[in-house]
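Peer 1: Sequence:
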Amino acid sequence: MRPNRRQLLRSAGLAAAAVGLAGCNSTTGNESTSPGTDTPSGTTTDDDSSESASVSVDAAVAAEWTAMRSRLDDAYALGLAGLGGEGASVAGRTFERFENASGEYGAHEYLEHTSTANYEGFETAIVDLQESLSEGDAEGAAEGWRSAHQHLREAQIAAVGESGANALGVLRFGAAVNNVELLAAAGESEAAATVAGEITAWWHDVPEHDAIEAADHEAYGNLEEAMAAARSAAQNGDLAGVRSASDAAVNATVSGAAAIANEKLASAGHLAAYQAQGWDAAALASLGGPSTNYAHAAVLNSYRTRVYDAHWLAARGAADTAQTMVDDVFEHFETDERGYHEALEEANAEAYEGFESGLSSTSTAVGNGNASGVDSAIETVDDNLVTGIEALAGATGATLLQASFFRSRIGDARELYRLGATDAAAGV
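In terms of full-length UniProt numbering, the sequence shown opens at residue 1 and continues consecutively.
Hints should not be assumed to be uniformly reliable.
[As the list claims (entries may be wrong)] Cβ-Cβ distance ranges computed for the label pairs, FRET-style: (1) Ala295 / Val206: 36 to 44 Å; (2) Ala201 / Gly373: 49 to 57 Å; (3) His113 / Ala295: 41 to 49 Å.
Don't read these hints as lab results, they were simulated from the structure. Note that the Cβ used here is the ideal one computed from N, Cα and C, for glycine as well.
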């Protein structure tokens, strides 16, 4: 079962005390007495704590290397998509981040300490990747990308063992499928399909493929299906389908990683995968894709607030004002000149139709004084707006907009309370 967010953060937090980032802890909870001692084997001594902290550090840094491996995939995927300049920029920023990750537990210093050969090899390879992408040298970019991955994987094996490296490597492929979504959202459907095919080819050539198949056959099957679905959806220009496949791929890799290695290492890697997806969002914004869709989703989010305001007014007898407010939302949506009307229809036609139908029903129910009809229609409007917002902004963007929506509602309640309308504030 995929851990929920609270479980993930709690698990990761247990190992984070030593280094400020999730890690792993090899100490078990066995309470039996060790032979030849009076100390229960499950009791943590000073030596145990030091060893546990060391393991946690290894896991934390190995997870950070996973995030950097995902960035290598980002850069190379952009090159495959014909966006070599953007790919070179990503590689350059990744190298800069690596160089600045100093300190005893930083990704830079820790790699140099783990293996001088891997450290020097990685630095050479990522520079080769950047320069090749900038020059349009496909063969050179491929070689730099492969070499950089090899050096980081070897360092991960030294830090957390082969099983641990395999678990982190599986999570890397969940983030890789997210690149297909990145390109599709930027309107590069053909490039997205090309990258999806390449990712599948990479996947069948790495040790992680056999590791997840042996550890969790269901997760393995789900990941393979998600990869195929992402490619098919990209070929058909189906952004919603690509997003669904991307989410499924991440879910499968999280389950698979937990089956390959211990939960705390998998949790550290999961957080690194989130970090990689955040970088994907930044890269995508620079391409001009999601920033536009997110803006459209923000308009729909404002409609949620306006419709709930109308609901509140209707419940307090201000039916004329409430109906006017609903009709204004409808008019604003229908007379759109900025693209959010068409964007919703393209992102999710069912949500688009449900939203319009719900608005019409809300206006009619308010005008007729039908309280139960208003409640039902408002629920229809909100459900379809939430669906449409997620289709446009993705799960992460939708969560941010949801937080904004609740913040506005809490602000309404606070203002009513300040004005002395405590019952109305409680109702909101």
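Peer 1: Next, verify each hint and record whether it holds.
Peer 2: To see whether the hints hold, each was checked on the structure:
Distance hint check: the CB atoms of Ala295 and Val206 are about 38 Å apart, consistent with the given range 36 to 44 Å. Here the CB-CB span from Ala201 to Gly373 is close to 55 Å, well matched to the stated 49 to 57 Å. Between His113 and Ala295 the CB atoms are about 45 Å apart, so this pair conforms to the stated range of 41 to 49 Å.
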